[in-house]
Amino acid sequence: DIRMTQSPASLSASLGETVNIECLASEDIYSDLAWYQQKPGKSPQLLIYNANSLQNGVPSRFSGSGSGTQYSLKINSLQSEDVATYFCQQYNNYPLTFGSGTKLEIK
Amino acid sequence: QIQLVQSGPELKKPGESVKISCKASGYTFTDYAMHWVKQAPGKGLKWMGWINTYTGKPTYADDFKGRFVFSLEASASTANLQISNLKNEDTATYFCARFYGPLDYWGQGVMVTVSS
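As given, the protein sequences belong to chains C and X, one line each in that order. Number 92 in our numbering belongs to position 92 of the first sequence; there are no gaps in the numbering. Number 1041 in our numbering belongs to position 41 of the second sequence; there are no gaps in the numbering.
The set of hints was computed from the structure by calculation and includes no laboratory data. Treat the hints loosely; a few may be bogus.
Derived DEER-like restraints, expressed as beta-carbon distance ranges [said to hold, decoys possible]:
1) C:Lys107 <-> X:Gly1056: 48 to 54 Å
2) X:Gly1056 <-> C:Glu17: 46 to 52 Å
3) C:Lys107 <-> X:Lys1065: 43 to 49 Å
4) X:Thr1113 <-> C:Glu81: 27 to 33 Å
5) X:Glu1016 <-> C:Asp1: 27 to 33 Å
6) C:Ile106 <-> X:Lys1065: 40 to 46 Å
One side only, chain X facing chain C, incomplete, derived with CB under 7 Å [as the list claims (entries may be wrong)]:
7) Gly1044
8) Leu1045
9) Trp1047
10) Ala1061
11) Phe1095
12) Gly1101
13) Pro1102
14) Asp1104
15) Trp1106
16) Gln1108
17) Gly1109
All C-beta atoms, glycine included, are put in the ideal place defined by N, C-alpha and C.
Start from the sequences, fold in the hints, and give me the full structure.
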């Protein structure tokens, strides 16, 4: 199974700041990497797919990058509505596997 | 618009069974596989497996072989998850999600509570 190591586990930042979340795959996943946002009590929502493609309707302050085994999610100009837990997920190989999540709070 | 609407919360006793439904609308049901994801309270996401909505063939992750069954009512654009012989550790929210490479649309989740 491909292991997805996500960091940090939690993050506190101020409004307007830029934050980065990292995801390391245990083997090359060839950019088959998605990022999801999950707000409390809600289902996950797809933000980024194919490592750097923005899902329709997602604000452009979200961006993804990376290749091989290393990937990151960047949120520019942090807004209050960005408070959520973020998960990475690989879909290069079965079983699909998720990172452990990053809980983002506003300072 | 594309929607996955799941059935309501369930409270069950250990040893009982539960069946959760996921009704899809806004797209051709048989064009996309349906995946299932478990989230225990306060925990992360765990992939359970998927069902081919064209053939009906299910595939289960290792931790979900035996007591878990994926099925379809294709004429009703509905995927189902049945869990038998429920255990306390099955207490979780269960999501269905449409597979497009990533999981691009998710149901709202069904909270299953197993308690004596």
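Hints, verified against the model:
For the pair lysine 107 of chain C and glycine 1056 of chain X, the supplied restraint of 48 to 54 Å holds, since their beta-carbon distance comes to about 50 Å. Between glycine 1056 of chain X and glutamate 17 of chain C the CB atoms are about 49 Å apart, so this pair conforms to the stated range of 46 to 52 Å. Between lysine 107 of chain C and lysine 1065 of chain X the CB atoms are about 44 Å apart, so this pair conforms to the stated range of 43 to 49 Å. In this structure, threonine 1113 of chain X and glutamate 81 of chain C meet the distance hint of 27 to 33 Å, their C-beta atoms being roughly 30 Å apart.
Distance hint check for glutamate 1016 of chain X and aspartate 1 of chain C: the Cβ-Cβ separation is about 31 Å, which falls inside the suggested range of 27 to 33 Å. Taking 40 to 46 Å as the suggested C-beta distance range, the pair isoleucine 106 of chain C and lysine 1065 of chain X conforms, at roughly 42 Å. Satisfaction of the interface hint for glycine 1044 of chain X is found here, the shortest Cβ-Cβ separation to chain C being roughly 5 Å, below the 7 Å cut-off. For leucine 1045 of chain X, the interface hint holds, the least distance from its beta-carbon to any beta-carbon of chain C being 4 Å, beneath 7 Å.
Interface restraint check for tryptophan 1047 of chain X: the shortest CB-CB distance to chain C comes to about 4 Å, inside 7 Å, so the restraint holds. At its closest, the beta carbon of alanine 1061 of chain X sits 5 Å from a beta carbon of chain C; the interface hint therefore holds under the 7 Å criterion. Hint status for phenylalanine 1095 of chain X relative to chain C: holds, with the closest Cβ pair at about 6 Å, below 7 Å. At a threshold of 7 Å, the smallest CB-CB gap from glycine 1101 of chain X to chain C is about 6 Å, leaving the interface hint in force.
Below 7 Å, beta-carbon pairs count as interface contacts, and proline 1102 of chain X has one with chain C at about 4 Å; its hint therefore holds. Because the smallest distance between the Cβ of aspartate 1104 of chain X and any Cβ of chain C comes to about 5 Å, under 7 Å, the interface hint for this residue holds. A least Cβ separation of about 4 Å between tryptophan 1106 of chain X and chain C falls short of the 7 Å threshold, and the interface hint therefore holds. Taking 7 Å as the C-beta contact cut-off toward chain C, the hint placing glutamine 1108 of chain X at the interface holds, the least distance being around 6 Å.
Hint status for glycine 1109 of chain X relative to chain C: holds, with the closest Cβ pair at about 5 Å, below 7 Å.
No hint from the list above goes unmet by this structure.
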